[in-house]
Amino acid sequence: MRFEELESAAKAIVARYEHKRAAMLPVLRLVQERFGCVSAEAEAWVGKLLQVAPSHVHEVVTFYTLYHQQPVGTYHIQLCHNIACALRGAEGCLAAISERLGIAPGETTPDGRYTLSTVECLCACEVAPVMQVNDRYVGPVTPEVIEALLRDPDKLPALPFAFQGAPGLTESVLSKRFGVQDSASIETYLRDGGYQAARKALTTMTLEQVIAEVAKSNLRGLGGAGFPTGKKWSFIPPPAASPSATARSADRAVPHSGTTAGGGIIPKDASKPHFLVVNADEGEPGTIKDRYLITKDPHLLLEGMLIASYATGAHKAYIYIRGEYAEPTVILQRAVDEARARGMLGQKIFGSSHHLEVVVHRGAGAYICGEETALLESLEGKKGFPRLKPPFPAIAGLFASPTVINNVETLACVPAIIQKGGEWFAKLGYGKSGGTRLFSVSGHVRKPGLYEASHGITLRELLDAAGGVPEGRRLKAVIPGGISAKILTADEIGVRMDFEALLAAGTMAGSAGVVAMDDSTCMVRALWYAAKFFAHESCGQCSPCREGTGWIFKIVDRIMRGEGRPQDLDVLLGAATSMEGRTICVFADAAAWPVQSYITKFRSEFEHHIREQRCDIPGAAPVAPLAAAHA
Amino acid sequence: MPEPKQITLTIDGKSVAVPEGTTVLQACEKAASPVPFYCYHPGLSIAGNCRICLVEIEGMPKLQISCYTRAAEGMKVHTTSDKTLDGRKDVLEFLLINHPLDCPVCDQAGECWLQDYYMEHGLYDQRFNETKVKKPKAVPIGKTVMLDAERCILCSRCVRFTDEVTKTGELGIFNRGDHSEIGIQPGQTLDRNNYAGNVVDICPVGALTDRDFRFKCRVWYLGSTPSVCPGCSRGCNIELHHNREREWRPHIAKGERVMRLKPRYNADVNQWWMCDEGRYGYHFIDERRLSHVQVREGRGLRQGTWEEGYARLQEVLGRLKAAQALDQAGVILSSHLTNEDLYAAKRVFGALGLTRVVFQRPTPGRHDDFLLQADKSPNARGAAALGIAEGAEGLIALAEQQKLKALLVFTQDLVELFGGTRIQAAANRLELLAFVGANENPTAALAHLVLPGAVYAEKDGTFTNVDGRVQRIRAALGQWGEAKPEWQILSELAAALGLKTAFTDAPSIFVELAKSERPFQGLSYQMLGNHGALLKDGSGLGVGGSGQRPRTPNPEP
Chain A
1 MRFEELESAA KAIVARYEHK RAAMLPVLRL VQERFGCVSA EAEAWVGKLL
51 QVAPSHVHEV VTFYTLYHQQ PVGTYHIQLC HNIACALRGA EGCLAAISER
101 LGIAPGETTP DGRYTLSTVE CLCACEVAPV MQVNDRYVGP VTPEVIEALL
151 RDPDKLPALP FAFQGAPGLT ESVLSKRFGV QDSASIETYL RDGGYQAARK
201 ALTTMTLEQV IAEVAKSNLR GLGGAGFPTG KKWSFIPPPA ASPSATARSA
251 DRAVPHSGTT AGGGIIPKDA SKPHFLVVNA DEGEPGTIKD RYLITKDPHL
301 LLEGMLIASY ATGAHKAYIY IRGEYAEPTV ILQRAVDEAR ARGMLGQKIF
351 GSSHHLEVVV HRGAGAYICG EETALLESLE GKKGFPRLKP PFPAIAGLFA
401 SPTVINNVET LACVPAIIQK GGEWFAKLGY GKSGGTRLFS VSGHVRKPGL
451 YEASHGITLR ELLDAAGGVP EGRRLKAVIP GGISAKILTA DEIGVRMDFE
501 ALLAAGTMAG SAGVVAMDDS TCMVRALWYA AKFFAHESCG QCSPCREGTG
551 WIFKIVDRIM RGEGRPQDLD VLLGAATSME GRTICVFADA AAWPVQSYIT
601 KFRSEFEHHI REQRCDIPGA APVAPLAAAH A
Chain B
632 MPEPKQITLT IDGKSVAVPE GTTVLQACEK AASPVPFYCY HPGLSIAGNC
682 RICLVEIEGM PKLQISCYTR AAEGMKVHTT SDKTLDGRKD VLEFLLINHP
732 LDCPVCDQAG ECWLQDYYME HGLYDQRFNE TKVKKPKAVP IGKTVMLDAE
782 RCILCSRCVR FTDEVTKTGE LGIFNRGDHS EIGIQPGQTL DRNNYAGNVV
832 DICPVGALTD RDFRFKCRVW YLGSTPSVCP GCSRGCNIEL HHNREREWRP
882 HIAKGERVMR LKPRYNADVN QWWMCDEGRY GYHFIDERRL SHVQVREGRG
932 LRQGTWEEGY ARLQEVLGRL KAAQALDQAG VILSSHLTNE DLYAAKRVFG
982 ALGLTRVVFQ RPTPGRHDDF LLQADKSPNA RGAAALGIAE GAEGLIALAE
1032 QQKLKALLVF TQDLVELFGG TRIQAAANRL ELLAFVGANE NPTAALAHLV
1082 LPGAVYAEKD GTFTNVDGRV QRIRAALGQW GEAKPEWQIL SELAAALGLK
1132 TAFTDAPSIF VELAKSERPF QGLSYQMLGN HGALLKDGSG LGVGGSGQRP
1182 RTPNPEP
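Which chain is which? The protein sequence lines are A and B, in order. Residue numbers for the first sequence, in our numbering: 1 to 631. Residue numbers for the second sequence, in our numbering: 632 to 1188.
What the hints contain is simulated information worked out from the structure, not anything from laboratory work. Since the model is a prediction, treat every value here as computed from it, not as a measurement. No residue lacks a Cβ here, since even glycine has one placed at the ideal position from N, Cα and C. Hints may be right or wrong, so weigh each one.
Some residues of chain B that are not near chain A, with every Cβ distance over 12 Å (derived) [as the list claims (entries may be wrong)]:
no.: 1; residue: Gly705
no.: 2; residue: Arg933
no.: 3; residue: Gly984
no.: 4; residue: Gly1153
Beta-carbon label-pair distances, calculated as ranges [what the hints assert, rightly or not]:
no.: 5; chain 1: B; residue 1: Met691; chain 2: A; residue 2: Gly112; range: 51 to 61 Å
no.: 6; chain 1: A; residue 1: Gly106; chain 2: B; residue 2: Ser712; range: 40 to 50 Å
no.: 7; chain 1: B; residue 1: Tyr896; chain 2: A; residue 2: Thr577; range: 54 to 64 Å
no.: 8; chain 1: B; residue 1: Pro771; chain 2: A; residue 2: Thr577; range: 33 to 43 Å
no.: 9; chain 1: B; residue 1: Glu651; chain 2: A; residue 2: Phe227; range: 42 to 52 Å
no.: 10; chain 1: A; residue 1: Glu327; chain 2: B; residue 2: Val770; range: 38 to 48 Å
no.: 11; chain 1: B; residue 1: Lys768; chain 2: A; residue 2: Gly106; range: 20 to 30 Å
no.: 12; chain 1: A; residue 1: Lys432; chain 2: B; residue 2: Leu716; range: 30 to 40 Å
Could you put together the complete structure from these sequences and hints?
Given below as structure tokens:
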């Protein structure tokens, strides 16, 4: 293969980053787009280009699901095989596509036209069951869509727009422009008063005033952790005091594998730049919100970033967007280019001394990169291994420099806070959670889609807004905040959706991905999808999680296949508890919670499965064979 | 540098003071409450991935990894609480669920940290009853290293070693989740890494084993003797592992005595490491050995006796002494000899009045900027410190010019150094070319008299490394055939020559040496201990130091 032809394009990518190695993911993508896969030869070339040992390039290629070591078919069909799609018939779609193409998941048709794969959540649960054909999202997958796929895969229907409304709100904050014609363009954004908040912040407010306003607003981290945003920003050492603050923290910093493997990634000088990193690695099963924000109102995000970068002294921002979001990446990049052309990015923004450059950085298929330090490792061109803490990113984040990491939705709230005041925003919310948030509602509801509501909305109200369960069905269980959240039973849905209330209810608000399950749902099967997901997505760094997630999946899979043993439930609960709280990041805890909550709340159903060696729920289809699912 | 602040913490009820910056794991060691660990290695960065070193710290709801957590003033740590023990047991169970448990056929058995910790911290009833993950087994990843990915616990020590110590980056952890596996980039090997053997040492389990050692000997049959690698002038501290029960198990490795070498920690010399050239350069101990005195008869050599050998030397040297022609005799010592051997030679030949005494180093070889030195002998610095002149060239020239009648050569292969033609010519012109050494070589083959000497593993003594560090070696093995340590040969020769100079053992020679040789003054075996001590005058001896210290990737606080 002739890699030299890629050299100038690769060098242009490298030039965007402070450190060569950070160009790893995009350069590998470049190679794969040109040659169809990343061969060992290509790894050696990339290694040489980025001054990284080929073994570490190979680590990256084998860690992320979007890189192929062997070419795939002309059309790569990746069918979502996670809970929200499964609840809406993904297994049937898989069987149908598989039968029509005459291939099993993981195989390519003899003519090389189609490769069929199952993938974990594509985060398009509102149009479940969903698939990705090459870079394009297609859903819901119906018999007609399957026909079109076979007939002309270049002419598949566009993804429907499924923003469903703002129950209980007189005024929406995040979704107010979703319905606007051409909402992603800078013209319409400016017409609708866009960038006024950023202008106000940059030209009339000090950074302390900005942080104080955001603190007053009770804005919380909407990626799932709920950490107060104003507080997070205040941890960044002020630019003037930066050298001493970072020197202090360096005393506490212990080298870890991630920073040393590349060699010399930590700059020695104390005057480190600050970075703003946007977590757009949306991956929590059941969550679709960031994709809507990025595709429908990217300038809202950019304006939030502009204000956040000003408040934290950052002059370089990276948007880490999940690799599967190909079309949203294009829209986002267009928005960045527009903003730069209009002077909203670049030097002397609005005549102030603030300057900012934004780089859109695509991931490559790894749920763990949503964990902020794994995201930083990934951004630095490594496997997404969460870092040991301290140091925290505010002190030593991207390239060992002070870094603030915020979720897309969190930043999208910021312009309104600056425009209308922190108090106004706080009042929109409930308790300690200011403002509104986007709830992704999927599964067994009549109107799946995205909803904007106050944190104080109850789960019942939200499900009612989504039309409730299908006719003739009864609600059985609800995941309130993405697959990691502990499940709630039908009689627990009176709970409010704010962080504290859900915590008190024994679960969590998380990413506000609400997945409803009606009485046709087999809970063993539901746990099977969760366990499969965590086994597939564990980064493998810490022993308890690496081994425990696989172990749990094997037991649940055996029960599903009718080979359960009486002691299985105790072993499952024991294994889950054994890995909880014993690892570098909370992924292991997240993997343990579904096991604990599904078994505890639906124990008799699990026991029945084990005793009778089968499922008695009518319509609960068998799942795909283990080998295909966990390949 | 100012003294680091001391902080006091409580570990299992014991108060312990440590410098600020100390990790809890190190503090626990100091408090004699050691915690188990796999991924932690003092010579590598902290990975924190194995999780077996979890301890309970009061005020923290979750167990904390002691390898990464810094000790803090007033901290209360529990290494034996139920919570800690449960955490440890659980982690061990996770580490073993996909492990093949193929201990009977595993070369690591007996020195495996999974085995050891299971006995100490595990002893649970197995709950895992599923199909294990299959991974590659018995994959050679270099001339000397074998990988078994199923046995690997993914502690990443080997990856960090190739990243941080050798900075060669050959190894990585590929895939993710429970399919993660240690590997080398397809098509690559560890063969260009002269420190590859260290990955076997630091592998706590049977994932990386040594192809030179595999299946030669169960480790519980091994005896261990601290020593110093004689492969170059760095003088890396090592342990000699030898077949302790050879009489009962002569079938093991065809009766070879030394099974392997392992590096021994010395902060000032080699830290935890040694190079492959030294590690695998031990086979001369049991191969091509000279077992008997040999005397030339026509074109060949016949077996002789020590009496015969000494008599021959006495005859020639005695005659030259009587004729006041000892300037027609020369001695070429070797920088492979111990300080004790060299001192004995200096004394014996001094007493005799023989002044043409030099030492010779072997042919220089490859070197690097880490441990490996170009000088492939362990004691050139010691020979120089004893005031012995360097270089055999002059004596060979004299022999060629027929100005020498007798030449006594120790260890060094002059044929390799100066060419077979020259040495053959010199031998032809000499009345007596005597060779004293442990191994056969072309020079010995040309000699008129061959006296079998001892290898370093068979004698007590000291070497002085390139930086002037005097370090002890110890006799790990009995004598080979009729071979004797060189100092003993010299002592017996002195008696044969009618001299009063006599030596009884290496320790007493060193006592004398330390009294009479200025650079060694004040040194004693006791003082040398396990890590040696520097010559009193470490400079200006004409034999330069390495000019470097081993790199310290992550110095212990």
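Each hint, compared with the structure:
no., hint, verdict
1, Gly705, "17 Å, holds"
2, Arg933, "58 Å, holds"
3, Gly984, "61 Å, holds"
4, Gly1153, "40 Å, holds"
5, B:Met691 x A:Gly112: 51 to 61 Å, "56 Å, holds"
6, A:Gly106 x B:Ser712: 40 to 50 Å, "47 Å, holds"
7, B:Tyr896 x A:Thr577: 54 to 64 Å, "39 Å, violated"
8, B:Pro771 x A:Thr577: 33 to 43 Å, "41 Å, holds"
9, B:Glu651 x A:Phe227: 42 to 52 Å, "30 Å, violated"
10, A:Glu327 x B:Val770: 38 to 48 Å, "42 Å, holds"
11, B:Lys768 x A:Gly106: 20 to 30 Å, "24 Å, holds"
12, A:Lys432 x B:Leu716: 30 to 40 Å, "38 Å, holds"
Violation of the numbered hints given earlier is confined to hints 7 and 9; the remaining hints are satisfied by the structure.
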